[in-house]
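Student: Okay, here's what each chain looks like letter by letter:
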Amino acid sequence: KNQVEQSPQSLIILEGKNCTLQCNYTVSPFSNLRWYKQDTGRGPVSLTIMTFSENTKSNGRYTATLDADTKQSSLHITASQLSDSASYICVVSDSNTGKLIFGQGTTLQVKP
Amino acid sequence: DAGVIQSPRHEVTEMGQEVTLRCKPISGHDYLFWYRQTMMRGLELLIYFNNNVPIDDSGMPEDRFSAKMPNASFSTLKIQPSEPRDSAVYFCASSPGQGLRGNTEAFFGQGTRLTVV
Chain A
1 KNQVEQSPQS LIILEGKNCT LQCNYTVSPF SNLRWYKQDT GRGPVSLTIM TFSENTKSNG
61 RYTATLDADT KQSSLHITAS QLSDSASYIC VVSDSNTGKL IFGQGTTLQV KP
Chain B
1 DAGVIQSPRH EVTEMGQEVT LRCKPISGHD YLFWYRQTMM RGLELLIYFN NNVPIDDSGM
61 PEDRFSAKMP NASFSTLKIQ PSEPRDSAVY FCASSPGQGL RGNTEAFFGQ GTRLTVV
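Sequence lines, in order, name chains A and B.
In terms of my numbering, the first sequence is residues 1 to 112.
In terms of my numbering, the second sequence is residues 1 to 117.
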């Protein structure tokens, strides 16, 4: 069964610190992997989109990595800010069906 | 553009009542998606349209759910009759290309929080 597993489920860090969120998937073959940020009470907003041939992509303080061999992705947040407090969702697109497989998300809380 | 606009933002209704959720996609986007989000199941794709035509409705949970897109600027998701287990946040998203099926971006609305009591 195709799955996307994210870890940790939740995370609390101090403002200014770095953190890394993990995404492991079994979807194969896949066309792309995305990371979304979802603030409380709002819709998801895209951070990065990576195809299977890309292994890193940055968006400001957010850097996503992808290892298609081990089927792992990570999202690294540098110098965290209070506004980074949100849920981060990993989404993998199944090439065969076009279906999107969503992870359950990691809830990040940045404290002052 | 104001982005994807959904209404209402919140809806509380009694079990058995009909509920209609509305979505206005970003002008020029030819893909529209309806999602449901719950704590237990996360985000789930219910149905998506291309050029106003439903392409894949395999995610629609039951016959009580129906979606329409009468024109390029408007879509509805209807639940009739509603049940407490339908309580969730419903998101609409639109995309200029294949969106979440391809490598182009999709833009989400603010969502409608539905509570069925």
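No wet-lab data here; the hints were simulated from the structure.
Incorrect hints may appear among the rest.
Capping the alpha-carbon separation at 20 Å, the derived lysine to aspartate or glutamate pairs in EDC-like fashion look like this [stated by the list, open to error]:
hint: 1; chain 1: B; residue 1: 24; chain 2: B; residue 2: 14
hint: 2; chain 1: A; residue 1: 99; chain 2: B; residue 2: 11
hint: 3; chain 1: B; residue 1: 78; chain 2: B; residue 2: 56
hint: 4; chain 1: A; residue 1: 111; chain 2: A; residue 2: 84
hint: 5; chain 1: B; residue 1: 24; chain 2: B; residue 2: 83
hint: 6; chain 1: A; residue 1: 111; chain 2: A; residue 2: 15
hint: 7; chain 1: A; residue 1: 99; chain 2: A; residue 2: 84
hint: 8; chain 1: B; residue 1: 78; chain 2: B; residue 2: 105
hint: 9; chain 1: A; residue 1: 71; chain 2: B; residue 2: 56
hint: 10; chain 1: B; residue 1: 24; chain 2: B; residue 2: 11
hint: 11; chain 1: A; residue 1: 71; chain 2: A; residue 2: 84
hint: 12; chain 1: A; residue 1: 99; chain 2: B; residue 2: 62
hint: 13; chain 1: A; residue 1: 99; chain 2: B; residue 2: 57
hint: 14; chain 1: B; residue 1: 78; chain 2: B; residue 2: 63
hint: 15; chain 1: A; residue 1: 99; chain 2: B; residue 2: 18
hint: 16; chain 1: A; residue 1: 99; chain 2: B; residue 2: 105
hint: 17; chain 1: A; residue 1: 99; chain 2: A; residue 2: 5
hint: 18; chain 1: A; residue 1: 57; chain 2: B; residue 2: 105
Student: Now tell me if each hint is right for this structure.
Tutor: Here is how each hint holds up against the structure:
no., hint, in the structure
1, B:24 x B:14, "violated (26 Å)"
2, A:99 x B:11, "violated (29 Å)"
3, B:78 x B:56, "holds (16 Å)"
4, A:111 x A:84, "holds (10 Å)"
5, B:24 x B:83, "violated (25 Å)"
6, A:111 x A:15, "holds (6 Å)"
7, A:99 x A:84, "violated (28 Å)"
8, B:78 x B:105, "violated (26 Å)"
9, A:71 x B:56, "violated (27 Å)"
10, B:24 x B:11, "holds (17 Å)"
11, A:71 x A:84, "violated (26 Å)"
12, A:99 x B:62, "holds (19 Å)"
13, A:99 x B:57, "holds (12 Å)"
14, B:78 x B:63, "holds (10 Å)"
15, A:99 x B:18, "violated (29 Å)"
16, A:99 x B:105, "holds (15 Å)"
17, A:99 x A:5, "holds (16 Å)"
18, A:57 x B:105, "holds (15 Å)"
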